[in-house]
Every structure is written in C-alpha cells, then in structure tokens.
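Take the given structure of chain F and dock chain U to it, following the hints.
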Amino acid sequence: MKKTFKLLIMLTLVCSFVLSVSAFAADPGMVGNSVIKIKKPETYTSTTTQKEYYISGVTSSGVTVSVSRYNPFTGYFHLLYVDGKAAVQTAGASGLIAQKIYLTDGNNKIRIRTDSPDGKVTFLEVNITLNVLSLSDIQQSPIDIRKAIA
Amino acid sequence: MNRKKEILKNITLSFLVISSLVLFAGSWLREWSGIDKNNENFINTLASKVGLSGFFGDSIDYPNGSDVVAPASIVLTSGAERVILNKGTDMYSSKYGDILSILLSLKSERCVEVNSSEWFSSNKSQAIYLDYDINYHREVFMSALDIPLPPEIASVSGIILASNDSATNKLVAYIHDDTEDKYYKISTNKSARNVKSLLSSVSNYKNIPFATELGFNTAADEDIKQQVIINGNVPIDLESHRLSPVEVSLPEKTISDIEDKKFNSILSLFGLSRSSAQEYADKDGSFMYIDTYGTLSYKIEENRSIVEYSSASKMAEGFSGSEALYKALYSGYSNSVNILEAFGLDNITLKISSDILSKSYNEEGIMTIYMDYCYNGIPVYFTQDNIIIHPVEMKFSGENLIYYKQFLIELSPTGSYKDIPPVLNAINNLTYLLEKEDETYYINDIHKAYTITSFGLEGNWCVKLENDENIYAIKVSIP
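In order, the protein sequences belong to chains F and U.
The numbering of the first sequence is the working numbering, which starts it at 1 and goes up by one.
The numbering of the second sequence is the working numbering, which starts it at 1 and goes up by one.
Treat the hints with caution; some may be incorrect.
The calculated label-pair distances, taken between Cβ atoms and stated as ranges, are [stated by the list, open to error]:
1. U/Thr414 with F/Thr90: 33 to 43 Å
2. F/Thr45 with U/Asn189: 37 to 47 Å
3. U/Glu222 with F/Phe123: 46 to 56 Å
Taking lysine-lysine and the DSSO-like style, the derived pairs with C-alpha atoms no more than 27 Å apart in a straight line are [unchecked claim]:
4. F/Lys100 with U/Lys124
5. U/Lys327 with U/Lys107
6. F/Lys85 with U/Lys448
7. U/Lys359 with U/Lys253
8. U/Lys418 with U/Lys448
9. U/Lys107 with F/Lys40
Hints were generated in silico from the structure; no laboratory data involved.
Predicted model only: the values in this text are computed from it and were never measured.
Note that CB positions come from ideal geometry on N, CA and C, so glycine has one too.
Okay, chain U solo, but in the shape it has when bound:
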C-alpha cells in the first residue's frame, strides 16, 4: 500500500514538474519569437497537436482556408439559363463542397493563354463560374486551397469550370488573372461528368445574361455615345427584386456577457492576456485593455458597438511579400469570425472587399484589408454620403497586425421587404449620382445590397467602378 502511494506521489510530482517546464518554455518562446503578436498561441497549438485542443482555454475557431479564400458568388449555367449562388446562403453551402472537389482535382497538365472571347464563350451552355470579386495573389490562392497553379498565373479573380466539348466531355478550367488582364485555359483528361451532374442537381434557373451577352461590355460606335460600359463578367438580372425583411440594431450581447474562456481567447487573438493587461471599465459599458503589446478597446455607440485594437509597435517587425499575405489574411479573417461568434452574431457572413496582392502593401510595408458583412448572401453596407464604409478594417505590417477595427451590429429578420427596381434604372441614375455627364463609366460590378443609412435599412443597387476603390449605393425610386 505504501509502495502504491509512493508511485502515485512520484507520478503526480513528475507531472507537475513537466507541466511547469512546458508552461515556462511556452512563455519563454512567446517572448523570444514574438509569435503571440502574430496571433498564435504556442501552448494551445501544442495542445491541439496532442489532442488536447481547448484544454488550456483556447476556444478559437480556425476557419478552413477554402472558407477564407472563397468565391463571393457562384454562377451556374445550364443551357441558356443561370442560377446565382451567393456566399452565406444554404444553396451555396450545399454545393460549394462538390465544386471545391472538382477544383481540387485540377492539375496543371496543359496551361495556355487564351483571349477574352474564349473566356466568355466558355461561360455559356454548361459551366460553373466562381467569381471571387477581388484579386488573390497566386501564393494566397495556393496556400488557402492547397492546389498548384501554373507559374505564369500571377493572381486569380475568377475561375470557370466547363466541359471542353460534347464529343470528348473533358473537364477544362479557365482562370482570369485580372491584375495582368489575362485569361488561361487548363486542359485535363478528367471527365466533366461532375460538372454536369452538379448543374442538373440545381433548379430555379432563369434567364440572366452576362453583360457580354447583351453587348454592354463594348462601346457602340462614334455615332452614339455609350455612356456606360459594364464588365463582361457581370450578370445582369433585368427584373425587379424584393429583398427579405431585415433590421439592424445594437448587439444584445455586450462584452460583459461573454464567458471568461471565450473572452480570454478573444484577447489572445490580439496577443493580449487578461493576467498581464490592465483593465479599465466605464459606466457606459465600454472597456479598455492595455498591455505591453497593445491596446484593445470596446465601446458602445447608438446602434453599433466597436472593437478596436492598436499595436504598441506601429512598425512591428515583419516582412512584406507573398508569404506574409496569406498569414495576414487568415489571421485577420479568423479574428473577425471569432469576434462575431463571441457576440452571438453568427448569422453574419464575412466578405473580403480589398485585393490581397503584393502591391497591397504601401511604401511603408503596411497593407490594409477591408471586409464587409453579408446577410443571407446579400451584402449589408454601412454608408456615408452614398459611399460604402467597411465595418472591418485591419492593417498589417508584413504579417503582423498593427491595427484592427470592427463594427458590431445585430441583424434580425424583422421589418418590411425592401423592393428594388430593375438594374437598368440604377445604371441610369449613376450619372446623376456622380455628376459627370460627359464621361464614360466603366462598371466593374453591380449588385443588390442592404444599405444602413440614417433613415434605417434600405435596399439598393451598389456599384464598383473601374480604378475606384469605393462602392457606391445608388438610390432609385420604384417606377
């Protein structure tokens, strides 16, 4: 009996010594490598590797790379009709996995550059068009999806999966590199059967032409001035639309309502620790945490709350370049997802709204990433003077986060439907909005959205113009 007690005592002592060594090593490594500042928690990473994820208090959700670098919309074409699936909708979620499987089966067997005509032609009859809405550097795309890209492709903004012809029925992929304005075709020996069966599994197709099919992507001629030219990849749904009811309000949950374990995880996202940070609370419900590494604040405004972080070192050591791009994007996206979840705002989907390219870093080596919110696949934009302002903004020096701001709102399915007129009405109003009657407008994208204004939530068409970072909300009255 005594012997057994001795053995038990030795085991317990050994465990305590080992765990203290591990904790010490983790703390030392954090200080030495600065990985805490990069939003990695050494201890929890180690714990997850030995199957003890969450044991040390980490309740952070790490999204899949394929969810971070995901198309904003998927356009399915069958015959002469189309269905548009927006990210955040049930249909998108149900089909994205299968589409991803087709994408991941690609190998760069033969990659050739093609012209825009072949790109547009491939998007007819039977095709799956993945519209990423922004440009991803090739390294970001490959890291997120773990698929190789031919070296000549510098960036990805869109992919078409189609059958090469009805005779051989082989899968082909077309990739649009918008930064170089080039199109590439990857031929495979794989069957396009999966593409066709996926297209057959969807219903509710309707006649939605692309701008190229209406001829709106090219100017007419000198006799008649065409004041608006639309990117050929933009689907033009010419019907009126009705958006589901949704209202915006201050989140019901405040920072005080978040359970400790989750709250500590949120702090760790920014490299802060409750044990070492100084905490300040105000009567109005706002909080501030100040640590050696930075400051995290939470404040409540009239109809939104704001989480804001600022690094103590504005120019933290890091490096610019393609390797840093994906790390920065992934960590920023994870932060935003986890903060939304912590505040119970799970019905909001994130949409990346800025290019993730090497040239996204400015001369000082700082990159700004913007994100917007979507509800049931429809963007929900904050507006100021008809220009969209982004609810999520983050700045990186290399891969290190130096600034972060996120507006928090609650979206609930109440209120009235939002009717929006046909898209041509909005395009006609564009000239009045921008007050440049003699210019030609090049529209890169036009889509439906909810817009938050001082009058409440409205339904509008929103437009992105070429060489313009802004998104404009166009107010149109119902005819």
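One chain only, chain F, in its complex shape:
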C-alpha cells in the first residue's frame, strides 16, 4: 500500500513537471504573445537572403512596437534606425504593422518590444540569419549578384 502510494505521488510529480515545461515551451509554428502576433518571420528561427527585411505583424490599435538588435560586443540590445528613423511604430486602427530593417551578415538576434496604452510591456525575440547568396542563387538571380558585388 505504501509503495503504491509513493508510486502514485512520484507519477503525479513527474506529470506535473512535464506539463509545466511544455506550457512554457514556445510554439515553433507561431511567433507572438497575447499582445502581438508576428507574421513575418513565421518562426522564432529563420533564414533569408534578403538584406532589406520587413518584420510584419498584427496587434491592437495604439500599441507601440519597437525593434532592436543584439550587439554581441556590448552585450545589449540597441534600437534600430532605418534610413535615419527609429524602428518604432504605433499601430493604427487596422492593427497591422510592417517595419523595415537591414540585416547584417550571419545571425541577427532581434527583439520586438510592445508598449500598450495600459502600460503593459512585452518582449519577443527572434533569430534571423542572413545568408550570402549560394551558387544556385547566383545562377538564378543575376540581379541580386550584381547588387551583392556592388
């Protein structure tokens, strides 16, 4: 009886642990939280060959979205500036946002911060890797290689 009872307790503890871990695990198919849904990139980790990249999503009207990038040298996230303007947008009535950023070669650790009108602040982090064009890409897209060389 005692053994059975102990076994039952152990089983309950293990199940609780597994459930709690899975509850905190990120859903690989969905980037977002209760305040914002990121449409692009579609996953937390993605790869692209486009240096000029749009981060898009949908949120509620009045939410301010700002985009920053991790600098491994400083160890901090720095707000991005694009064509002289800060990468900060406040969603309008449609809730759609699209922010252009310029990626650097290799991995870009991007943080998306939301500031809601009620004072709530959330953060999301995504990794976007910018790949230099492969040989097959060069053969396929002569326009891009001319720009890459330039």
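What follows is chain U alone, placed relative to chain F:
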C-alpha cells in the same frame, strides 16, 4: 482617237454603275442585317479588305485585341525585389510586346489544378505577374489574344509566367480563375530563357512584398482580432509616394472643332449618319443628333463635357452569352478610344473596371461595362462622397449598344506634386471612412490614384473591397 475615247467612256460608265451597285448593296445590307447598329460599317469593312481603308471616309482606329484585354499592371519579380509596370506607361508599352510573345507561345500541354500556396510561391524569385484587375470570361480572353485555354478554366484574372525550377528551366504558366477561386498550372517544354532575359533587361527593382509575404492575407488568431485582411496578390509598397503634377480642365477642343471626316466616323460608331440624322445645336455649344436608330448628344458642363448616346430601341435584338461578350467589349472600347482621340485627349489611357462575364448580363439580358481613365499609368477617378464614379458607362443588350455615356476632361502636366503617405496609413483610415469598427474588411485591391474632387485634383489611396462594386478613395493626411 475616237476609239480610245469610247473605251474610256465605257470604263467610266462601268465604274459608275458598279460603284452605285455597291453603295446600294451596302445600304440594303445595313438595313437588312442591322449591322450598322452593331457599330460595323459594311462599306468601310469592304473597303479595308481591298486595301482602300479610309477611302469612304472611315478614320476609325481599331485597337488590337491584346490592347483591349490587357493587364492593368505587370509585376516583375527578380530575386527578392520587384518592379510594377502600369498600363499607359512607357516601360509597360516597351515590355508588353515581349511578354505577349511569351504568353502566345503557351500551349495547353498539361494543365493541372494547384492550390493557392503554389500560386503564391511561383510569384517569388523570378516571375512575371500579369494582373488583369478584373475577371474576363474565357471566350473573351481567347478571342482577344487568340490563344487556347484549357476547357476547365472558366475565367482569367491573373497569370504568372515563371520557370519551373533552376535545373530544367522550363516555362510554366499559372492562371488564376477568380470566379471559381481556382488556380491552374500549365507546364510546357519551352525554355524560360525569355522570362529571365526580360527580367534582366529592367532596372529600378525595389523591395515590394505581396500581402501574402507579410502575412496580411490571413487572420492572426482569436486572441488578436485582425480587422483588415488583404488579398494575397496585392503588392504592398510601404513607402511614401509622390505623384507627378497633373491638372484637370475642360477639353480645349469642342465638337465643332472636330474635322468632318472624323466627326462622321464618330457618328457611325453609334450607327448614326449625318445625312440622315437631324442636327440641333445650342448657343452654349451643345449638339444633338437624332436618327431613327438613336440619339447622340454632346453638352458642356463646368469642367467637363459629356457625350451621351441612347438607342431608339432599348431592347435591341441581340443575344446574351459568351459570344456577345467580346463583341460588346471590343466595340465599347473602340468607341471610347476614338472619342478620346477625336477630342485630342490622346494622353488618357482606358482601364476596364467591371467584370466581363456571362453573369454580367442581368435578367433582362443587359450588361453594363464601366471604364476609368489613367494618366501615366495612374488612375484618375471622378469622385462623389468618396466613392468613385466612372467616366465611361455603356450598356449592351447582347452585343448591341443601347446606352453610352462618356465624360471628357483634359489632363495636363501642370500644378503641384501630390504627396501620399505610406499605404498602412490609408488602411488604418479605412475603418473611420466606412464607420464599421467591429467588422473585418477584406481588401481586394489598394492602389494610388488621382481623385477629382470639388477642391481639385488630389492624390489618394483607393480601395476595392471584396463583394463590393464600389472603389473608395481614402483621405489621409501626411504624417
């Protein structure tokens, strides 16, 4: 010498007799078949067949079918960047011929239905997207371009020409049948070399994602309500824009300034003849021609003039159906082009703004076709309470024209630039404009345009919503 005179006299007499017989036969045929009411001139058709086009006074320009059924815009994709060519621009004109050649080389070797994902995927990397903006019945498309379509394709609203893969580099075409919401893929054994060389010949590519690439064509989820969903085929250019200066005014040329030969041709477009019609002129410059077949009027308003025709028989004999569709569209388009040319308004391009389908005929067998004007590839819309009203409206009973109205304006490259903010600003204003805060809006198209208002010419974003025939102009202030 006398003999020669006799021969000459006989030849002259013979010619006179034959020509009078021809004229009589033509007049008799017109009455018998009613082809004059269908905007065909028997005599001039015959004359053109024997190389005497214009001999009998016909100075009508007959457009090519490929100009009537032409894409409103062509989107060229190379790598991750795009260029949009609008109908009426020099770049469009210079590339359309080559693109048409690629299109005309298609044969329906293998046609399979595909899903929307494959359609959207094909429009990346290296592709030519022909956006027709409206739906054309398959018979109209085939008649205009003289290319066969597989029988399963009911209508055409868009075509993508692309390479199937980098390994075999074969040309594939995707066709969007919007009326059935289906996508088809036609595979060929032809090389996609022409597609790639055309894409390489164009510069000024920029980052313009389609709505599908931004994820704006699908709803987010239940947690966050996405109030606006945009058709995945719509290119979203997220930058601010500056439209070239253009001003609108009353046409300098009036109907009195049109040379007789051209004027007679214009009358013949509506089956009227100067010799048989009664002409009424007013001091204010307006005219009216009344004939057995119908009435044509011309009047001048404050900043536009109006040509209007009404058939004497509202329900002229004709037949509805696919055969009539192309004839109606072609004749209506020809009328509009020729009237614009007659009044010296050659810098205006026409844009067909209503579907050309069998179901475009109502229960009484009448179809209404609307057209709008474009200047340098940018639509110029007349507006009333933020809703676009079309400057060209025509009604057909079968293939017979029973009503026609065309506003005439002069567009000149003067005035100031029109600045319009990024498109997202306009989309955000959409809810305020339509005052339906809890609804989800499905945007079928959003594009830049000039709008003619009581305050003059403005630059705006204009929106077409799903299941709504109206086009809405969205006023947005510059941030």
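Going through the hints against the structure:
1. Against the hinted window of 33 to 43 Å, the Cβ-Cβ separation of U/Thr414 and F/Thr90 comes to about 38 Å, which satisfies the hint.
2. Separation of F/Thr45 from U/Asn189 is about 40 Å and conforms to the stated range, judged on CB atoms against 37 to 47 Å.
3. The supplied range of 46 to 56 Å is broken by U/Glu222 and F/Phe123, whose beta-carbon atoms lie about 23 Å from each other.
4. Pair hint F/Lys100 plus U/Lys124 holds up; C-alpha atoms about 19 Å apart against a cutoff of 27 Å.
5. A C-alpha spacing of about 25 Å is found between U/Lys327 and U/Lys107, which places the hinted pair at or below 27 Å, so the restraint holds.
6. Among the hinted pairs, F/Lys85 with U/Lys448 is consistent with the structure: their alpha-carbon atoms are about 24 Å apart, no more than 27 Å.
7. A threshold of 27 Å between alpha carbons decides the hint, and for U/Lys359 with U/Lys253 the separation of about 39 Å lies outside it, so the pair is violated.
8. Distance check on the hinted pair: U/Lys418 and U/Lys448 sit about 11 Å apart at the alpha-carbon level, within 27 Å; holds.
9. Straight-line distance between C-alpha atoms of U/Lys107 and F/Lys40 comes to about 37 Å, which puts the hinted pair past the 27 Å bound.
Hints 3, 7, 9 from the earlier list are contradicted by this structure; the remaining hints agree with it.
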